[in-house]
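Visitor: One letter stands for each residue in the lines below.
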Amino acid sequence: MVNVIAKIDRCREGDTDAFRYIVSQYQQMIFTLAFRLLCDEEDAKDATQETFIKIWQNISNYKKQYKFTTWIYKIAVNVCYDKLRLEQKITKVELRDCDLYSNSNPEEHLYEKELKAIIKEITSGLPPKQKLVFTLCEIEELDTGEISVITGLTPRKIKSNLYLAKQYVKLKIEEYESSRKQ
Amino acid sequence: MNQAVNNSHYDRVLQRIRTEIPKLDGGEELVGEIMRGIEPVSESKREVKLWKTILWLSNVAAVIVLCLFLVETLSLEHVDEDVRNSLTQTIFVPEILDGKEVSMTNRVRFLFNEKNEQAKRKESFNETVWNAFYGTNAN
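Protein sequences appear in the order of chains A and B. At the far end of the first sequence sits residue 182, using our numbering, and the numbering has no gaps. At the far end of the second sequence sits residue 139, using our numbering, and the numbering has no gaps.
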């Protein structure tokens with residue numbers, strides 16, 4: 001952690017090598033969050049790239065009283081939230097079966113495809129805000145205080161959004177399980 | 001019973017999503033793209049910083065100029081007032097000199113002499129009155 005803080009200080013002075021270290025340390029974490037929210041590898045990569053560029057642009061605004069991961073989550077969530085809203089505006093997307101894993105082995109491909117399909121199946125119908133709260137609380141397992149800092153929502157709103165999202169997801173999981181059995 | 005089954009399905013699916021971390025293919029490539037992405041940003045950041053400094057310096061210069069202008073204006077007003085006061089002072093010219101070309105020094109000298117004469121006359125008048133009442137060797 002001390003190392004990361006030293007790197008952040010160096011980033012503030014414009015040290016790009018220190019920023020390269022930050023990117024390599026956190027890119028998987030941001031990509032995972034983006035993938036869980038956007039359910040698409042390319043979109044998740046774009047969101048990751050956009051997030052790190054925003055981190056670089058705003059690194060001087062980072063306050064040390066917050067955890068660095070909370071701060072970068074906040075930026076990532078904002079980027080993903082904008083994409084989700086845009087996606088919701090454009091179309092209610094169907095499960096896409098595009099071939100994004102041509103470089104990886106077929107088993108891994110199937111594995112990731114299934115994961116994507118599950119996440120998409122159970123969360124695609126959720127409004128962006130509920131999806132965000134559900135992902136942060138139930139999948140990323142963050143506490144309400146941290147979610148409140150990241151999303152800017154009050155704990156009460158987080159609870160109500162989470163309740164509605166869980167109801168929907170439970171229903172979707174049942175549908176998913178029964179379709180698998182058939 | 002049904003609720004319990006629902007919950008077990010829910011927990012199982014969520015557990016799977018939590019544990020299965022999507023693999024980031026081409027992580028190094030992504031780092032490279034991000035680093036390329038921030039280069040123009042850092043360039044423009046430097047430019048913005050330079051412009052901000054120039055703007056700040058010009059603001060400081062403007063404030064200094066404004067202060068100097070204000071000080072100058074106020075002091076000029078003060079000088080003007082002095083000049084105005086000195087001009088509005090009336091120099092009484094005795095009738096005897098009115099219309100004659102007499103220099104300012106001579107006028108002042110005349111006024112001074114006139115005042116001395118008046119004082120002397122007053123003194124002699126007082127002395128005369130005193131002598132009339134109390135006699136010449138009263139004191």
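No lab work stands behind these hints: they were computed from the structure. There may be inaccurate statements among the hints.
If you want the footprint, here are the derived chain B segments under chain A, 3+ residues with CB under 8 Å [what the hints assert, rightly or not]: (1) 47-57; (2) 107-118.
Label-pair distances were calculated between CB atoms; the ranges are [claimed, not checked]: (3) A:T70 - B:V65: 22 to 30 Å; (4) B:G26 - A:S148: 45 to 53 Å; (5) A:K67 - B:L50: 29 to 37 Å; (6) A:T70 - B:L70: 28 to 36 Å; (7) A:D82 - B:L70: 21 to 29 Å; (8) B:L70 - A:D143: 52 to 60 Å; (9) B:L50 - A:E114: 48 to 56 Å.
Yeah, the Cβ is synthetic: ideal placement off N, Cα and C, and Gly gets one too.
Visitor: Against the structure, test the hints numbered earlier, and report the numbers of the ones violated in rising order.
Guide: Numbers 1, 2, 3, 4, 6 and 7 - these are the hints that the structure violates, sorted from lowest upward.
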